Amino acid sequence: MEYLNIVFQEVYKILFLLVPVLVSVAMIVWLDRRVWAFVQKRQGPNVVGPFGLLQSLADALKYIFKEIIIPSSSNKVIFILAPIVTMTLALIAWAVIPFGATQVLADINVGILYLFAVSSLGVYGIIMGGWASNSKYPFLGAIRSAAQMVSYEVSIGVIIINVLLCVGSLNLNDIVIAQQNLWFVIPLFPMFVIFFISALAETNRPPFDLPEAEAELVAGYQTEYSGMMYAMFWLGEYANILLMCAMGAILFLGGWLSPIDIYPFTLVPGAIWLILKILLLFFLFALVKAIVPRYRYDQLMRLGWKVFLPLSLTWVVLTASYLFYFNLLPTN
Amino acid sequence: MIAHAIFFYTFSIIAVVSAIMVTVSKNTVHSVFFLILDFISISCLFIMIGAEFLGMIMLIVYVGAVAVLFLFVVMMLNVAQQKNQWFASAASSKHIPVGLIISTIIFFELIIVIGGWKYKPEIFDINNSLKVSDLSNTHSLGQILYTDYIHVFQISGMILLVAMVGAIVLTFRQRSNVKRQSYIKQISRERAEGVSVVEVASNKGVKIDD
Numbered sequence: 001m002e003y004l005n006i007v008f009q010e011v012y013k014i015l016f017l018l019v020p021v022l023v024s025v026a027m028i029v030w031l032d033r034r035v036w037a038f039v040q041k042r043q044g045p046n047v048v049g050p051f052g053l054l055q056s057l058a059d060a061l062k063y064i065f066k067e068i069i070i071p072s073s074s075n076k077v078i079f080i081l082a083p084i085v086t087m088t089l090a091l092i093a094w095a096v097i098p099f100g101a102t103q104v105l106a107d108i109n110v111g112i113l114y115l116f117a118v119s120s121l122g123v124y125g126i127i128m129g130g131w132a133s134n135s136k137y138p139f140l141g142a143i144r145s146a147a148q149m150v151s152y153e154v155s156i157g158v159i160i161i162n163v164l165l166c167v168g169s170l171n172l173n174d175i176v177i178a179q180q181n182l183w184f185v186i187p188l189f190p191m192f193v194i195f196f197i198s199a200l201a202e203t204n205r206p207p208f209d210l211p212e213a214e215a216e217l218v219a220g221y222q223t224e225y226s227g228m229m230y231a232m233f234w235l236g237e238y239a240n241i242l243l244m245c246a247m248g249a250i251l252f253l254g255g256w257l258s259p260i261d262i263y264p265f266t267l268v269p270g271a272i273w274l275i276l277k278i279l280l281l282f283f284l285f286a287l288v289k290a291i292v293p294r295y296r297y298d299q300l301m302r303l304g305w306k307v308f309l310p311l312s313l314t315w316v317v318l319t320a321s322y323l324f325y326f327n328l329l330p331t332n
Numbered sequence: 001m002i003a004h005a006i007f008f009y010t011f012s013i014i015a016v017v018s019a020i021m022v023t024v025s026k027n028t029v030h031s032v033f034f035l036i037l038d039f040i041s042i043s044c045l046f047i048m049i050g051a052e053f054l055g056m057i058m059l060i061v062y063v064g065a066v067a068v069l070f071l072f073v074v075m076m077l078n079v080a081q082q083k084n085q086w087f088a089s090a091a092s093s094k095h096i097p098v099g100l101i102i103s104t105i106i107f108f109e110l111i112i113v114i115g116g117w118k119y120k121p122e123i124f125d126i127n128n129s130l131k132v133s134d135l136s137n138t139h140s141l142g143q144i145l146y147t148d149y150i151h152v153f154q155i156s157g158m159i160l161l162v163a164m165v166g167a168i169v170l171t172f173r174q175r176s177n178v179k180r181q182s183y184i185k186q187i188s189r190e191r192a193e194g195v196s197v198v199e200v201a202s203n204k205g206v207k208i209d210d
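Sequences listed follow chains A and B, in order. As numbered in my numbering, residues 1 to 332 make up the first sequence, in order. As numbered in my numbering, residues 1 to 210 make up the second sequence, in order.
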């Protein structure tokens with residue numbers, strides 16, 4: 001009975017986190033399309049509900065009632081597993097995101113490593129989908145995306161090391177609290193820019209959406225998917241984008257801390273600040289999608305390995321030497 | 001403690017079964033997926049004994065990078081063809097005795113190693129091992145690796161670097177007839193280099209290539 005109680009409490013907490021995340025994923029799709037449309041002087045989705053807010057709901061309904069087609073030559077188990085893996089991995093990462101000093105589902109010691117590990121597992125959904133479809137375009141898309149995600153993870157990892165050098169802890173709440181006086185976006189600004197661009201590549205967003213470049217690969221790894229399975233890929237992708245924004249907000253923009261530490265601002269709960277910061281980063285993601293043309297594949301690889309990796313490694317050496325020379329290394 | 005035991009046995013059964021499936025399954029890509037499942041359940045076991053840093057590094061390095069490259073190689077090879085050659089022909093029966101001999105040797109070696117193992121009773125209790133110090137195991141690993149074992153640590157890093165450089169040198173071919181882009185050259189191109197205005201005489205034309 002005691003165990004059951006604990007289980008129920010945890011399930012309640014998890015639902016309290018997951019339902020808002022899923023709803024905001026649906027809303028963020030609307031925001032993305034809307035920003036994209038306004039940049040191009042179009043209206044975007046504005047028919048369903050006020051300002052078109054319910055557009056994603058209508059889309060979801062359409063996907064639910066569509067038939068799921070499984071190609072007869074595909075590897076069925078892996079074909080069905082792929083969208084499930086994408087979706088699950090995009091959602092479990094939210095367990096460690098702190099929305100306040102105590103509002104966190106799992107306050108683990110190695111929070112940032114967990115986030116990094118889960119985001120590096122995200123590539124499997126794409127590889128599995130591409131391979132199991134047993135068709136040319138999905139396979140090419142999957143190979144491209146695997147190479148792309150592995151290369152950009154390296155620079156994200158090195159950027160995380162930069163932040164960790166300044167914090168001295170892998171716990172996400174410690175990382176947030178370490179920014180109480182100065183957000184890391186100011187001393188580590190070049191790293192923030194590189195993190196943002198790498199996050200675009202890691203989540204297959206334009207201008208790095210080579211895995212699903214419609215002009216060359218139809219829809220990349222999603223070509224053979226239909227109905228709810230396609231929608232799960234899509235939701236997983238947007239949940240990953242939100243997660244990357246949350247990671248950026250926590251590593252560089254001070255997470256749930258309020259921007260100014262004076263009276264009326266400190267009344268606002270930390271969760272609101274975190275959400276505002278995530279939205280700010282997501283707005284940038286949407287803008288980039290609208291205004292930047294797609295990269296060529298060899299340019300993408302060159303950018304990852306020959307520009308970002310040396311730059312961020314050099315910055316690690318600089319940060320470490322600076323902290324060591326001025327005796328600022330964090331100790332506990 | 002019951003929940004702990006249940007989780008331990010779930011993860012270890014998954015680990016052992018998927019390790020067996022890696023060798024048994026006929027489709028090579030399936031073997032790699034089982035290998036990934038094996039890595040994941042082993043990292044869960046690491047986390048359960050309180051070694052969360054090792055578990056996460058296992059996930060990041062083995063699952064996130066090494067296994068992706070495995071998958072790459074396996075998917076690129078023509079697996080279906082190889083499968084028929086290896087498993088259906090008489091050639092495969094030659095490999096079985098060799099494999100059996102090697103695996104028996106490894107089995108006995110493992111028995112010798114595990115037989116001499118002394119278990120500390122207090123290690124089993126997860127709560128005890130956490131009370132030993134206030135340091136998180138990331139800190140304590142770092143303190144050991146970068147003080148007592150710094151030379152071994154650096155040398156192992158150098159060995160990996162040498163292996164990487166060796167692999168690149170072995171596979172690198174300088175091809176001369178490939179057209180390469182130089183970004184600096186492209187950006188620093190002036191109008192005068194690219195465009196020239198020419199008076200074209202009627203019925204004579206212009207010589208383009210020189």
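Any given hint might turn out to be false.
Claimed, not checked - What follows is a set of in silico ranges between Cβ atoms, one per label pair, in the way DEER data are often shown:
1) A:Leu-313 to B:Asn-27: 35 to 45 angstroms
2) B:Met-76 to A:Asp-261: 31 to 41 angstroms
3) B:Leu-110 to A:Pro-269: 48 to 58 angstroms
4) A:Lys-13 to B:Ile-2: 46 to 56 angstroms
5) A:Ala-106 to B:Ile-2: 46 to 56 angstroms
6) A:Leu-182 to B:Ala-5: 39 to 49 angstroms
7) B:Ile-155 to A:Leu-313: 17 to 27 angstroms
8) A:Leu-313 to B:Ile-112: 37 to 47 angstroms
9) B:Ile-6 to A:Ile-186: 18 to 28 angstroms
10) B:Gln-186 to A:Pro-259: 34 to 44 angstroms
Stated by the list, open to error - Chain B is nowhere near these chain A residues, computed Cβ spacing over 10 angstroms in every case:
11) Val-23
12) Arg-33
13) Tyr-63
14) Phe-65
15) Thr-102
16) Met-128
17) Ser-169
18) Val-185
19) Leu-267
Since the hints were made in silico from the structure, they are not lab data. In this text the structure is predicted, and so the values were computed from the model without any measurement. Every residue, glycine too, gets a C-beta built ideally from N, C-alpha and C.
We went through each hint and held it up to the structure:
Our hint of 35 to 45 angstroms for Leu-313 of chain A and Asn-27 of chain B holds, since their Cβ atoms are close to 39 angstroms apart. Taken as a hint, the range 31 to 41 angstroms is violated for the pair Met-76 of chain B and Asp-261 of chain A, whose Cβ atoms sit roughly 55 angstroms apart. Restraint check, Leu-110 of chain B to Pro-269 of chain A: a C-beta distance of roughly 55 angstroms satisfies the suggested window 48 to 58 angstroms. In this structure the hint that Lys-13 of chain A and Ile-2 of chain B lie 46 to 56 angstroms apart at CB is violated, the actual value being about 22 angstroms.
Between Ala-106 of chain A and Ile-2 of chain B the CB atoms are about 21 angstroms apart, so this pair departs from the stated range of 46 to 56 angstroms. A hinted range of 39 to 49 angstroms for the beta carbons of Leu-182 of chain A and Ala-5 of chain B is consistent with their spacing of about 47 angstroms. In this structure the hint that Ile-155 of chain B and Leu-313 of chain A lie 17 to 27 angstroms apart at CB holds, the actual value being about 21 angstroms. Taking 37 to 47 angstroms as the suggested C-beta distance range, the pair Leu-313 of chain A and Ile-112 of chain B conforms, at roughly 44 angstroms.
Look at Ile-6 of chain B against Ile-186 of chain A: about 48 angstroms separates their beta carbons, and that is not inside 18 to 28 angstroms. In this structure the supplied range 34 to 44 angstroms holds for Gln-186 of chain B paired with Pro-259 of chain A, their Cβ-Cβ distance being about 42 angstroms. Its beta-carbon lying about 29 angstroms from the closest one in chain B, Val-23 of chain A satisfies the requirement of being farther than 10 angstroms from that chain. With a cut of 10 angstroms on Cβ distances, Arg-33 of chain A stays outside the contact zone with chain B, its closest approach being about 31 angstroms.
Remark: the non-interface label on Tyr-63 of chain A is consistent with the geometry, its nearest Cβ contact in chain B lying 27 angstroms away (cut-off 10 angstroms). Under the 10 angstroms C-beta cut-off, the non-interface status given to Phe-65 of chain A relative to chain B holds; the minimum distance is some 32 angstroms. Remark: the non-interface label on Thr-102 of chain A is consistent with the geometry, its nearest Cβ contact in chain B lying 19 angstroms away (cut-off 10 angstroms). Non-interface call for Met-128 of chain A relative to chain B: violated, since the shortest CB-CB distance, roughly 8 angstroms, does not exceed 10 angstroms.
Chain B draws Ser-169 of chain A into its interface by the beta-carbon criterion, the shortest separation being 8 angstroms against a cut-off of 10 angstroms. Val-185 of chain A, annotated as away from the interface, keeps every beta carbon of chain B farther than 10 angstroms; the closest lies near 25 angstroms. Remark: the non-interface label on Leu-267 of chain A is consistent with the geometry, its nearest Cβ contact in chain B lying 33 angstroms away (cut-off 10 angstroms).
Comparing the model with each numbered hint stated earlier shows that hints 2, 4, 5, 9, 16, 17 do not hold.
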